[in-house]
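Please take these sequences and the hints and turn them into a complete structure.
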Amino acid sequence: MPLPSSCDVLVAGSGNAGFSAAVAAKQAGAKHVILIDKAPEEWAGGNTFFTAGAYRTAHNGAADLLPLVNNVDEETAKRIDLEPYTAQDFANDLQRVCKGRSDPDISKVLVENSFATIQWLKQNGIRFQLSFNRQAYEVDGRLKFWGGMALKTEDGGKGLIEDHKANARRHGVKSYYSTALERLVTNPDTGAVEGIVVRYEGKTATIRAGAVVLAAGGFESNSRMRTQYLGPGWDLAKVRGTPYNTGDALETAIRDVKAKQVGNWSGCHSVAWDANAPAHEGDRIASNEFTKSGYPLGLMFNNNGERFVDEGVDLRNYTYAKFGRAILNQPNQSAFQIWDQRAIPMLRSEEYRPERVRQIIANTIPELADKLVELGLENRQAFIDNMNKYNKAVYAFQKENPKQKWDPSIRDGVSTQSKAIQLPLAKSNWALPLDKGPFMAVHVTCGITFTFGGLAVNPQTAQVISSVTEKGIENLYCCGEMLGGLFYDNYPGGSGLTSGAVFGRRAGTAAARTAAENARNGTVDSRARL
448 MPLPSSCDVL
458 VAGSGNAGFS
468 AAVAAKQAGA
478 KHVILIDKAP
488 EEWAGGNTFF
498 TAGAYRTAHN
508 GAADLLPLVN
518 NVDEETAKRI
528 DLEPYTAQDF
538 ANDLQRVCKG
548 RSDPDISKVL
558 VENSFATIQW
568 LKQNGIRFQL
578 SFNRQAYEVD
588 GRLKFWGGMA
598 LKTEDGGKGL
608 IEDHKANARR
618 HGVKSYYSTA
628 LERLVTNPDT
638 GAVEGIVVRY
648 EGKTATIRAG
658 AVVLAAGGFE
668 SNSRMRTQYL
678 GPGWDLAKVR
688 GTPYNTGDAL
698 ETAIRDVKAK
708 QVGNWSGCHS
718 VAWDANAPAH
728 EGDRIASNEF
738 TKSGYPLGLM
748 FNNNGERFVD
758 EGVDLRNYTY
768 AKFGRAILNQ
778 PNQSAFQIWD
788 QRAIPMLRSE
798 EYRPERVRQI
808 IANTIPELAD
818 KLVELGLENR
828 QAFIDNMNKY
838 NKAVYAFQKE
848 NPKQKWDPSI
858 RDGVSTQSKA
868 IQLPLAKSNW
878 ALPLDKGPFM
888 AVHVTCGITF
898 TFGGLAVNPQ
908 TAQVISSVTE
918 KGIENLYCCG
928 EMLGGLFYDN
938 YPGGSGLTSG
948 AVFGRRAGTA
958 AARTAAENAR
968 NGTVDSRARL
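In the numbering used here, the protein residues as written are 448 to 977.
No wet-lab data here; the hints were simulated from the structure. Remember, it's a predicted structure, so these values are computed and weren't measured experimentally. Any given hint could be a false lead.
Here are the simulated SDA-like cross-link-like pairs (lysine to any residue), alpha carbons at most 20 Å apart as the crow flies [what the hints assert, rightly or not]:
no.	residue 1	residue 2
1	Lys-612	Arg-630
2	Lys-650	Ala-627
3	Lys-883	Asn-835
4	Lys-591	Phe-579
5	Lys-555	Asn-835
6	Lys-836	Asn-848
7	Lys-605	Arg-574
8	Lys-591	Asp-761
9	Lys-769	Gln-907
The following label-pair restraints were derived from C-beta to C-beta distances [claimed, not checked]:
no.	residue 1	residue 2	range
10	Met-448	Asp-536	40 to 48 Å
11	Lys-555	Glu-521	36 to 44 Å
12	Pro-514	Asp-682	40 to 48 Å
All C-beta atoms in this analysis are idealised placements derived from N, C-alpha and C, irrespective of residue type, glycine included.
Here it is as structure tokens:
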């Protein structure tokens, strides 16, 4: 398709937030909405494509969620334990996990609009399912959901982008790939954004727009910016998703319109990631399966033969996004995850099957240590000694607490800390002995997902704020990873996609109204030919 010279609303970014904004703009009355992405079409979807498709939302229990999903029959529904996850629960988790720093106005909008936005996505063809494989354990014959999160999309991020693209086509959104945003065009008198300059097919072109929505991701794929903002060593992290999120749109907005910078610029979402995964971009076939999130069921050791995190400090949904940083800080930016026969059957096959990950199998702990030495373990004896100390501590706890029940669906309090023995670094929950061979280990490193620093916005409209005037920049909106102030140090799993949809919907709606007002007033004539 030839690149248009004008439109009502222009959206930059083809992920969950961008598609949500584009469709919302159409539904709010914008006649001509275009979506651009600097990536080629085969890389459409940004980081969304590489997610598990999990959405965190406030809800009142199974009665709220079952009408939204397509994978629960009548008999299965009878076996489900799915407690309500209230707006207060969601708000508490945001503040607890983000250490009280999440912007209260931004987080309030996210929480209070989470369920309505899920319903809106469902109405627009997004196929939701209950996440049995990631968010439920079978306990005493019951399917128990845990961690405040139960929804995912069919086929994960791949299916989500497929559904978003189909929905955009139904609404008449025109998408242009290999189209890079280079500059925001502003009115020299008012500073209002009136269009953009793009690079398309090797040439620059100007597109006039009634309003612009930035949804082009963070800087997680830019090794220079990672080191500059996140700190030394972050150039060595592996990129989980798209290689095209290099911070261009953030820098463009800061340079061209003095957009206000907020949030945790030294923070990011990073996970335990397969050490053998590609370094600089995600694998579109393996996608999220390189994640290695089974550590609460076992232990993690560094190359010195030492544990370095409390694997059971909290439910996985509240720790996986920060444990990547912990691994990055270890010698050689790597670690080993370890399990025995008690836990191996509970690991998710999509992450740990032999077709996806190199399994290191051994019949004894010393034999396992020998095999890990070949992969970088430097202190074999420390590893063996620390495994033995862990097991002694677990048995001591069990002896003192014979009625304490191990339950992976709750914070069960089954730990290494007893009156008889207390480890310097506890495993606070789900501490089982690790002495029943054969044993399995996998080699992991840090995989970076997205960065937390971004632009300040009006929480109600997602309009970008100026660092000069502290007021909204006319005709410019922002959503997705580019929105700053929401996450600090960590995040509650699934809240990123929800944020993208909540603020994408708001940005698109506000942009459409602004474009219509500009057309009526003649402020920006989106139909003008340049």
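Here is how each hint holds up against the structure:
| no. | hint | result |
| --- | --- | --- |
| 1 | Lys-612 / Arg-630 | violated (26 Å) |
| 2 | Lys-650 / Ala-627 | holds (10 Å) |
| 3 | Lys-883 / Asn-835 | holds (12 Å) |
| 4 | Lys-591 / Phe-579 | holds (9 Å) |
| 5 | Lys-555 / Asn-835 | violated (47 Å) |
| 6 | Lys-836 / Asn-848 | holds (18 Å) |
| 7 | Lys-605 / Arg-574 | holds (12 Å) |
| 8 | Lys-591 / Asp-761 | holds (17 Å) |
| 9 | Lys-769 / Gln-907 | violated (29 Å) |
| 10 | Met-448 / Asp-536: 40 to 48 Å | holds (46 Å) |
| 11 | Lys-555 / Glu-521: 36 to 44 Å | holds (37 Å) |
| 12 | Pro-514 / Asp-682: 40 to 48 Å | holds (46 Å) |
The structure does not agree with the numbered hints 1, 5 and 9 stated previously, though it agrees with the rest.
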